[in-house]
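Spelled out, the chains give:
There are 2 protein chains.
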Amino acid sequence: METKKISKRKLQSAQTREKLLHAGQETFIEYGFQKTTISQIIKKAKTGYGTAYVYFKNKDDLLIELLEDVMARFYEIANMTYKPTSKKEAYDLIEQQSILFLDMANKEKLMMQVIEEAIRLSDNVRKKWTEIREQFIKRISEDIAYAQKNELARIDVDCSIVARAWFHANEMYLWEIVKDVKTPPIKEIVHNIASIYTGGLYK
Amino acid sequence: METKKISKRKLQSAQTREKLLHAGQETFIEYGFQKTTISQIIKKAKTGYGTAYVYFKNKDDLLIELLEDVMARFYEIANMTYKPTSKKEAYDLIEQQSILFLDMANKEKLMMQVIEEAIRLSDNVRKKWTEIREQFIKRISEDIAYAQKNELARIDVDCSIVARAWFHANEMYLWEIVKDVKTPPIKEIVHNIASIYTGGLYK
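If you read the sequences in order, they're chains A and B.
So the first sequence is numbered by full-length UniProt numbering: it starts at 1 and just counts up by one.
So the second sequence is numbered by full-length UniProt numbering: it starts at 1 and just counts up by one.
Be a bit skeptical, because a hint or two may be false.
It does not matter which identical chain is meant; a pair holds if it fits inside one copy or across any two.
[Claimed, not checked] Straight-line Cα separation of at most 25 Å, SDA-like style, residue types lysine to any residue; simulated pairs: (1) Lys182 <-> Ser141; (2) Lys109 <-> Tyr49; (3) Lys57 <-> Ser13; (4) Lys35 <-> Lys203; (5) Lys107 <-> Ile186; (6) Lys57 <-> Asp158; (7) Lys83 <-> Glu95; (8) Lys57 <-> Gln25; (9) Lys203 <-> Asp180; (10) Lys87 <-> Glu116; (11) Lys203 <-> Ala163; (12) Lys107 <-> Gln25.
These are calculated hints, taken from the structure and not from any lab test.
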């Protein structure tokens, strides 16, 4: 009996949290980050104020949760198996990753627009974004080190400096897509940047 | 006589403007963009309110002027003669430009920190920054086109997409230097990114 009771409570708790996140996402997308208030979100989620504050102490907190959710989907792409056996294979994998990454930005455009605003305006969100970015750079850095170890990539370059530059190039195009700047088609962007990158890095 | 009178007025006008810009720079650096008010700047410059508003309607305006001043120094670097006759020469020129660019960021760190904040918080400043960035990208794009025309660079890539990615990589390192993120030495950053870039782009 005791166990069941706890489970039920846990389930309810997860549902409340989920309702708040969902309401938060909708409100942020409708009004933008700055204009959204936590009260609006609580009202939309139809939860009590006291309850809501158990889960999120402010809108920054809630946005960070949504940011982590959406970035987890990006990170799955960055985390794809990377075991190329030739320069051609390396190019294909990198091109594929980069296309998936920018396509995801396009697909999640509305939420990414809110995130862009929040990164600019909130110190907490920006700090979180920096942490997430470092995870991506670390992952790319490992891929480069793998290629160096397997004598596919030049060993006279520092994998972490190069990884950062490669992520930067992709990230800047990501924001241009998100902000609806008139960009060339994603495939064209990626073909160009991936061929310079692999051309310069791989032997 | 009439001419002299106008000249004197013009000189005084230039001096007032200069005083306001100088006071603005000092105030922004001391308090940051958000916390600075136009009244503080006017007080520091010891000009009348009415006079001040002839030159700058708000602090965004004044900051944009300072932004243009500092970016003109960066643009001189981007605008250096670029007529390489070999891949090695291209690398040396690009490396030199990139080092000068990041050194300038380091030298102008205090003002660039203010600019970074202003770009995030002010729509007007951000718009201006986008315009300035486009000038840099256009200039790099022309350099790549020159190298392509002279059969030094691959012609199967789009010079403007590649120029944007190269500027992005440099710009992101610029902000890391400005924000005092623990970065590797500038020469090491540049050696790595320039050698991947020229290695991939040049024949």
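Going down the list of hints, with the structure as the test:
no. : hint              : result
1   : Lys182 <-> Ser141 : between (30 Å within a copy, 17 Å between copies)
2   : Lys109 <-> Tyr49  : neither (30 Å within a copy, 44 Å between copies)
3   : Lys57 <-> Ser13   : within (16 Å within a copy, 52 Å between copies)
4   : Lys35 <-> Lys203  : neither (51 Å within a copy, 52 Å between copies)
5   : Lys107 <-> Ile186 : within (12 Å within a copy, 36 Å between copies)
6   : Lys57 <-> Asp158  : neither (41 Å within a copy, 48 Å between copies)
7   : Lys83 <-> Glu95   : within (14 Å within a copy, 32 Å between copies)
8   : Lys57 <-> Gln25   : within (16 Å within a copy, 37 Å between copies)
9   : Lys203 <-> Asp180 : neither (36 Å within a copy, 34 Å between copies)
10  : Lys87 <-> Glu116  : neither (35 Å within a copy, 39 Å between copies)
11  : Lys203 <-> Ala163 : both (17 Å within a copy, 23 Å between copies)
12  : Lys107 <-> Gln25  : within (15 Å within a copy, 42 Å between copies)
Violated hints for the displayed structure, listed by number in ascending order: 2, 4, 6, 9, 10.
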